[in-house]
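> The primary structure of each chain is shown beneath.
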Amino acid sequence: MSTGTVLLAVAIGALATIASRALPFVALSRHHDHPLLAWLGRYLPAAIMVILVVYSLADLRPLKLDDAKGTPLLLACALVVVLHLWRRNVLISIVVGTGAYMAMVQYGT
Amino acid sequence: MLGYVPLGIAFGVLCVQMGHAWWLAPLMSVAIYSGASQFLLLSLLAAGASLTEIGVAIFLLSARHLFYGLSMLGRFRGSGARKPYLIYALTDETYSLLSTRPETRDPAVAFRISLLNQGWWLLGSLLGAVAGSLLSFDSTGMEFALTALFIVLTVELMATIRQPAPFVIGLACGLGALLLLPKQHMLLAAIGAACLVLLLDYRRRAPGTVEAGP
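Chains as they are written, first to last, in the working numbering: chain A, 1 to 109; chain B, 1 to 214.
Careful: at least some of the hints might be erroneous.
Between beta-carbon pairs, the in silico distance windows are [to be verified]:
#	chain 1	residue 1	chain 2	residue 2	range
1	A	P35	B	A21	27 to 33 Å
2	B	R205	A	S2	48 to 54 Å
3	B	R101	A	T71	23 to 29 Å
4	B	L116	A	Y107	46 to 52 Å
5	A	Y107	B	Y85	41 to 47 Å
6	B	R203	A	G108	23 to 29 Å
These aren't lab readings, by the way, just hints derived from the structure by calculation. Computed from a prediction, not measured in an experiment: that's the story for all the values here. Cβ atoms here follow ideal geometry from the backbone N, Cα and C, with glycine treated the same way.
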């Protein structure tokens, strides 16, 4: 992959992220109480986040139980959920969960 | 929030390990400045997604910011020259601070917190990228940080929403798209399908019965 392509992708990623932050201030200030926006604001992020969990599991490590990484993956996901329900600390959940997953795939289960 | 540093380090290390130059991680932390967008961009680049798909996927992932902005419209109104930066730097973490701490109603305090948060994030990603290119250590499995981040955000949303429907819709659309489509195309199809289901559900209900936002 060329540096130019990567830089172009970063520029597009930057535009997309900045657009999502600036759009309400540019275009939506008159519609902020529209019920459709309230509806989507309440439910769409939840649906998108679950889809992203599915995407990240499928993309990074195929979810196969006979795969050497399948079981560590499921265990690490469960650990993140339990840790987060218990401590509600974003940092602890991510760092401990990722550390546990790395230990499991590097040193075997 | 010092919490930004370790996550930034993980991002920097992962970025270098995926074969990118050391300066790409700090560059992304300035240009994009969103942990979820930056991790997803690495993943999409590795999967060989097209530039269009990258743009649309990152915009949809970032769509949650639309609703942060809507709730800050009034707050940022009197912030003058600081306003563009406050809008650009409205991350998940900064939003959660601004929406819970009363002292941040002062635009100067909000500005300082936003700047500090980005400083920690930038420092973390720079440290991670430099460490990742100088030291050789086994980072196998570090990509799980992205999955962990999404799981954490899902758990947070579940605690706020307390209704299974949107999560079930997301799961069904996600798994359906995964079964039917190649990985690099499933994200857009799944999010599109979920939007459609939510819009149909909205139209099915009588107007005016919708509760206010989160």
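> Hint by hint, say whether it matches the structure.
Status of the hints after comparison with the structure:
| no. | hint | in the structure |
| --- | --- | --- |
| 1 | P35(A) to A21(B): 27 to 33 Å | violated, 47 Å |
| 2 | R205(B) to S2(A): 48 to 54 Å | holds, 50 Å |
| 3 | R101(B) to T71(A): 23 to 29 Å | violated, 42 Å |
| 4 | L116(B) to Y107(A): 46 to 52 Å | violated, 37 Å |
| 5 | Y107(A) to Y85(B): 41 to 47 Å | holds, 45 Å |
| 6 | R203(B) to G108(A): 23 to 29 Å | violated, 52 Å |
Hints 1, 3, 4 and 6 from the list above are not met by this structure, while the remaining hints are.
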